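Peer 1: Each chain, written out:
4 protein chains.
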Amino acid sequence: MPFLYNRSIHFADTDAAGVVYFANMLAICHEAYEEALAAAGIDLGSFFRDSAVMVPIVASEASYLRPLAAGDKVSVSVAPARLGEDSFEIRFEISKVGPRGGKTAVRARTEHVCIDAKSRARLALPPGIAGWILAC
Amino acid sequence: MPFLYNRSIHFADTDAAGVVYFANMLAICHEAYEEALAAAGIDLGSFFRDSAVMVPIVASEASYLRPLAAGDKVSVSVAPARLGEDSFEIRFEISKVGPRGGKTAVRARTEHVCIDAKSRARLALPPGIAGWILAC
Amino acid sequence: MPFLYNRSIHFADTDAAGVVYFANMLAICHEAYEEALAAAGIDLGSFFRDSAVMVPIVASEASYLRPLAAGDKVSVSVAPARLGEDSFEIRFEISKVGPRGGKTAVRARTEHVCIDAKSRARLALPPGIAGWILAC
Amino acid sequence: MPFLYNRSIHFADTDAAGVVYFANMLAICHEAYEEALAAAGIDLGSFFRDSAVMVPIVASEASYLRPLAAGDKVSVSVAPARLGEDSFEIRFEISKVGPRGGKTAVRARTEHVCIDAKSRARLALPPGIAGWILAC
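Protein chains in written order, with the working numbering: chain A, 70 to 205; chain B, 70 to 205; chain C, 70 to 205; chain D, 70 to 205.
Watch out, some of these pointers could steer you wrong.
[Unchecked claim] Footprint (simulated), chain B over chain C, 3 or more residues, beta carbon under 8 Å:
#1 76-84
#2 88-102
[To be verified] Partial list, computed: chain B residues near chain C (C-beta under 10 Å):
#3 ILE126
#4 ALA128
#5 SER132
What the hints contain is simulated information worked out from the structure, not anything from laboratory work.
None of the values given here were measured: they were computed from a predicted structure.
Ideal Cβ positions, reconstructed from N, Cα and C, are used throughout, including at glycine.
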């Protein structure tokens with residue numbers, strides 16, 4: 070079952086068009102990914118700064134379907150899926166919650182590959198991440 | 070009593086020094102201000118986009134006492150005080166919560182002035198804001 | 070011929086992994102798009118805030134091929150192409166310049182649709198944008 | 070003589086009020102600081118990531134005097150001054166350039182302290198930084 074992350078749209082997320090800046094939508098998705106990892110008991114501090122193993126994002130795509138404005142309450146669903154020994158994808162949907170909510174505002178996807186921080190050779194996913202994906 | 074806002078430090082808040090980028094500490098304070106207004110029943114959408122009246126920040130100051138890293142849980146206290154007919158200040162403290170928390174990481178202050186959006190002449194604070202400050 | 074935009078990687082672009090945060094790569098592409106429009110004589114102030122016509126980004130995709138760090142000098146190529154009466158895409162490539170540069174660090178694509186700001190009905194591209202695309 | 074850094078205001082710098090978000094003004098100042106160091110021959114990559122010595126910002130203050138909008142061209146002056154063996158301040162002024170420019174939009178100040186990355190004990194400024202301040 071996808072993890073759900075609730076959040077308000079902040080003023081800093083928006084731009085002069087009055088709505089969330091497109092690239093900030095991806096940052097909101099990454100926030101939801103971090104919260105999903107934390108909820109699964111994975112320590113973010115060591116996960117993102119472990120000097121030996123890294124899991125960078127190698128690709129992203131997004132469809133921006135409806136604008137979001139400061140003060141809007143949104144829910145972000147986070148659905149990871151294994152792609153191979155050393156990689157996985159996450160599918161995200163951001164929807165406005167509340168009286169006029171429900172419809173998807175953004176649909177996004179990120180692709181992650183596990184590598185050795187020094188050689189940048191591909192490595193099998195760490196057990197914590199592999200377990201989180203299995204459990205979703 | 071100051072409003073308290075709880076939040077995790079996200080990866081997007083940090084920089085290559087491994088901790089929160091100094092200017093993002095002020096953005097976290099502004100987020101807490103927005104949440105305080107929302108909790109007081111003030112509609113952020115219209116507050117920040119009302120075409121006739123604006124309440125821009127005219128000054129800020131901050132002391133960065135302790136670094137914060139991705140995954141840290143913080144609490145932000147928001148204490149507004151009236152400065153005059155048309156202005157107020159907010160004092161913020163960001164503290165890490167949890168086993169090694171408690172000490173203040175950032176102490177900040179912002180100053181806000183109410184103006185007419187067109188003429189930029191100073192205006193008395195709107196009742197919603199004035200009431201929020203009184204109630205704190 | 071694609072427009073070229075040169076820029077340094079700033080500290081604010083990076084995160085605790087020591088390199089540019091993935092979503093900020095798209096923000097750097099958008100910066101290059103703005104500079105391309107400005108170089109073509111299009112006034113950004115009115116373009117992005119014109120109340121009647123808007124040209125929002127409806128989709129983005131990116132491949133993050135090589136990391137970039139604070140202090141790196143990069144060149145961003147901006148190649149727009151018409152998709153229809155009311156839409157266009159832009160292809161971006163971010164490459165490091167200098168002694169160890171040349172290889173593409175990021176390849177990205179954004180899709181833009183022209184709409185009526187009120188009804189959100191699709192509109193033909195404004196002449197300024199259409200002319201910019203033709204001239205590239 | 071203060072270092073001058075020229076830059077356009079980008080869409081990502083703005084918020085739904087249509088002008089630059091207050092905290093982003095400080096990020097623009099930091100960009101100018103980075104460009105001043107680079108122009109003085111200081112390698113940013115090693116300066117900001119040197120594992121033994123760090124020069125964090127311990128305080129900031131800013132007055133936001135005039136709004137800036139996307140497309141505005143600004144000039145940022147960077148004037149550092151030694152405060153002690155282990156610390157310095159930088160005074161910044163952001164001004165709009167061009168036909169209606171000239172007046173200061175933002176006046177800011179940051180305070181920097183050199184510390185040992187592990188013990189966080191104060192250290193004398195590194196020669197590169199000390200030399201840059203002397204030469205300004």
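Peer 1: If a hint holds in the structure, say so; if it does not, say that too.
Peer 2: Now for the hints, and whether the structure bears them out:
no.: 1; hint: 76-84; verdict: holds (count 4)
no.: 2; hint: 88-102; verdict: holds (count 3)
no.: 3; hint: ILE126; verdict: violated, 19 Å
no.: 4; hint: ALA128; verdict: violated, 21 Å
no.: 5; hint: SER132; verdict: violated, 20 Å
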